Amino acid sequence: MVTISFAILLTCLIGLIAIIDTFIYQSSFLYPLLTILRINPGTNKWMVYFGLGIGLISSLIVDYRLKKEKGLNKNN
Amino acid sequence: MKNNLVEKVSLFQLFILIYIFELGSAVVVGIGGEAKQDAWIAECIGTVCGVGITGFYVYILKKLPGKNLFEILIFTFGKWIGRAVIFLYIVYFFYIAARVLRDFCELMSSTIFEKTPIEVIALTMMMVIVYMIYLGLEVMGRTSEIFIPYIFSFALIIGLLVFLTGEIEFNNLLPIFGEGFGPILKVVFPGFITFPYGEMIAFTLIIPYATKFANAGKTSMIAVLASGITLVYTMILQLTTLGPEMRERANFPTLSAAREISLLDFIERVDLVVVFIVMFGIIVKVSVFFFGGLKGLEIIFNRPYRTMVVPMGAIIAFITIVISENYAEHIQEGVKVVPMYLHIPFQFLFPLTLLPFLIYKIKKQQKEKQQ
Numbered sequence: 001m002v003t004i005s006f007a008i009l010l011t012c013l014i015g016l017i018a019i020i021d022t023f024i025y026q027s028s029f030l031y032p033l034l035t036i037l038r039i040n041p042g043t044n045k046w047m048v049y050f051g052l053g054i055g056l057i058s059s060l061i062v063d064y065r066l067k068k069e070k071g072l073n074k075n076n
Numbered sequence: 001m002k003n004n005l006v007e008k009v010s011l012f013q014l015f016i017l018i019y020i021f022e023l024g025s026a027v028v029v030g031i032g033g034e035a036k037q038d039a040w041i042a043e044c045i046g047t048v049c050g051v052g053i054t055g056f057y058v059y060i061l062k063k064l065p066g067k068n069l070f071e072i073l074i075f076t077f078g079k080w081i082g083r084a085v086i087f088l089y090i091v092y093f094f095y096i097a098a099r100v101l102r103d104f105c106e107l108m109s110s111t112i113f114e115k116t117p118i119e120v121i122a123l124t125m126m127m128v129i130v131y132m133i134y135l136g137l138e139v140m141g142r143t144s145e146i147f148i149p150y151i152f153s154f155a156l157i158i159g160l161l162v163f164l165t166g167e168i169e170f171n172n173l174l175p176i177f178g179e180g181f182g183p184i185l186k187v188v189f190p191g192f193i194t195f196p197y198g199e200m201i202a203f204t205l206i207i208p209y210a211t212k213f214a215n216a217g218k219t220s221m222i223a224v225l226a227s228g229i230t231l232v233y234t235m236i237l238q239l240t241t242l243g244p245e246m247r248e249r250a251n252f253p254t255l256s257a258a259r260e261i262s263l264l265d266f267i268e269r270v271d272l273v274v275v276f277i278v279m280f281g282i283i284v285k286v287s288v289f290f291f292g293g294l295k296g297l298e299i300i301f302n303r304p305y306r307t308m309v310v311p312m313g314a315i316i317a318f319i320t321i322v323i324s325e326n327y328a329e330h331i332q333e334g335v336k337v338v339p340m341y342l343h344i345p346f347q348f349l350f351p352l353t354l355l356p357f358l359i360y361k362i363k364k365q366q367k368e369k370q371q
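As you go down the protein sequences, you meet chains D and G in turn.
Reading the first sequence from the start, the letters are residues 1 to 76 in full-length UniProt numbering.
Reading the second sequence from the start, the letters are residues 1 to 371 in full-length UniProt numbering.
Please keep in mind that the hints were generated in silico from the structure rather than gathered at the bench.
Do not take every clue at face value.
Claimed, not checked - Cut-off 30 Å, straight-line C-alpha distance, at most; resulting in silico cross-link-like pairs (DSSO-like, lysine-lysine):
no., chain 1, residue 1, chain 2, residue 2
1, G, 67, G, 218
2, D, 70, G, 8
3, D, 67, G, 369
4, G, 67, G, 361
5, D, 45, G, 8
6, G, 63, G, 367
7, G, 79, D, 70
8, G, 63, G, 369
9, G, 212, G, 361
10, G, 62, G, 336
11, G, 367, G, 67
12, G, 67, G, 336
13, D, 45, G, 115
14, G, 79, G, 364
15, G, 186, G, 218
16, D, 70, G, 67
17, G, 67, G, 363
18, G, 79, G, 367
19, G, 367, G, 212
20, G, 363, G, 63
21, G, 369, G, 62
22, G, 336, G, 63
23, G, 79, D, 68
24, G, 63, D, 74
Please read all numbers here as calculations on a predicted model, not as lab measurements.
All chains should be modelled from the sequences, with the hints used to inform the complete structure.
Given below as structure tokens:
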């Protein structure tokens with residue numbers, strides 16, 4: 001559930017930013033979307049991608065632990 | 001729901017949280033530049049409106065004591081529509097949290113951490129916020145309690161030092177109403193009522209957890225008034241020190257004003273004190289929005305919000321960076337798009353739509369009970 005919420009929220013927020021950029025620059029939706037996601041050489045954007053990766057891993061771990069907890073509760 | 005922890009904040013903590021929240025990024029970015037030398041008058045009007053807006057939010061909360069805005073939404077509109085609106089609020093809260101954090105990152109990377117990548121600042125700040133929120137609302141309240149004397153005294157000292165340096169020129173405030181009342185009204189609506197006062201919507205998720213809920217409304221309104229007075233004070237400081245034109249051009253006017261301080265060839269670079277005030281303001285502001293979003297997730301996914309703190313924190317850090325290419329774009333979005341298309345619907349339209357339905361639902365429930 002945490003992973004699902006992670007994916008949904010990330011998609012919605014990126015979508016919102018792309019919509020705002022589309023509105024401001026009067027461009028197509030795809031162009032700002034690609035600009036948001038692209039890692040240009042020489043930039044440090046990879047750092048936040050790394051942070052995002054940690055977030056994803058932690059959400060997977062939380063989900064696994066919650067599932068395990070649920071299984072234990074069922075057995076008891 | 002697996003949420004056995006009942007978190008409470010004292011009225012004093014609530015007061016401090018609101019006070020710092022309202023100052024937050026409003027102190028950093030120069031707001032109300034269009035009103036020129038009358039910006040402080042616009043801020044005064046904005047403060048009065050802000051107290052009214054807070055009163056309106058508290059009025060909604062008092063209809064169902066002990067329930068936060070999201071629980072009220074579920075009560076009024078039912079599970080499905082309620083959850084859909086809550087989800088929109090979550091996106092809004094996280095987006096605004098990222099915007100506020102970006103304000104701070106820009107300030108840091110252009111003043112004291114010039115060679116540090118903005119991504120490092122965003123990630124580091126988010127780690128602190130994640131840790132604080134993970135420990136809970138009470139910890140956030142206590143942290144604010146510890147820092148408030150510094151914030152308050154530093155704010156006063158900066159004004160005093162600028163005055164002693166001889167940089168204050170009260171003529172910069174003249175002529176009063178030089179361009180009439182039009183520019184002032186333009187700045188207040190929708191500028192000041194949405195930022196920072198309308199952002200009090202995030203507190204509809206904290207006020208119900210005050211120890212004495214009956215007095216929370218009064219406390220909140222007094223806090224908004226106090227923060228408004230402080231904002232008027234900083235605005236007068238900026239205007240008298242920099243003048244309306246320079247203030248409008250400056251990215252961070254308070255910082256520019258503090259840079260003018262030079263006393264006895266010894267007291268200099270006091271702008272770092274402003275950075276400290278802003279840093280704490282931003283931490284509180286981002287935390288409140290983050291907490292609001294997490295509370296929504298708790299209701300939608302039926303999981304304790306603490307399980308989602310780290311992943312959502314990572315998303316906010318990511319969004320902070322990709323939200324705009326540069327500071328100019330960030331400000332342009334903040335002026336052109338965010339107030340009209342995000343702030344007004346979430347701060348006013350949804351609560352105003354909610355209220356009649358809520359009153360109807362409560363009356364209906366009372367009638368059913370009587371029968």
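Results of checking the hints against the structure:
{"no.": "1", "hint": "G:67 x G:218", "verdict": "holds, 18 Å"}
{"no.": "2", "hint": "D:70 x G:8", "verdict": "holds, 29 Å"}
{"no.": "3", "hint": "D:67 x G:369", "verdict": "violated, 41 Å"}
{"no.": "4", "hint": "G:67 x G:361", "verdict": "holds, 15 Å"}
{"no.": "5", "hint": "D:45 x G:8", "verdict": "violated, 38 Å"}
{"no.": "6", "hint": "G:63 x G:367", "verdict": "holds, 16 Å"}
{"no.": "7", "hint": "G:79 x D:70", "verdict": "holds, 24 Å"}
{"no.": "8", "hint": "G:63 x G:369", "verdict": "holds, 17 Å"}
{"no.": "9", "hint": "G:212 x G:361", "verdict": "holds, 26 Å"}
{"no.": "10", "hint": "G:62 x G:336", "verdict": "violated, 34 Å"}
{"no.": "11", "hint": "G:367 x G:67", "verdict": "holds, 21 Å"}
{"no.": "12", "hint": "G:67 x G:336", "verdict": "violated, 34 Å"}
{"no.": "13", "hint": "D:45 x G:115", "verdict": "holds, 15 Å"}
{"no.": "14", "hint": "G:79 x G:364", "verdict": "holds, 18 Å"}
{"no.": "15", "hint": "G:186 x G:218", "verdict": "holds, 29 Å"}
{"no.": "16", "hint": "D:70 x G:67", "verdict": "holds, 28 Å"}
{"no.": "17", "hint": "G:67 x G:363", "verdict": "holds, 17 Å"}
{"no.": "18", "hint": "G:79 x G:367", "verdict": "holds, 22 Å"}
{"no.": "19", "hint": "G:367 x G:212", "verdict": "holds, 29 Å"}
{"no.": "20", "hint": "G:363 x G:63", "verdict": "holds, 11 Å"}
{"no.": "21", "hint": "G:369 x G:62", "verdict": "holds, 20 Å"}
{"no.": "22", "hint": "G:336 x G:63", "verdict": "violated, 35 Å"}
{"no.": "23", "hint": "G:79 x D:68", "verdict": "holds, 28 Å"}
{"no.": "24", "hint": "G:63 x D:74", "verdict": "violated, 39 Å"}
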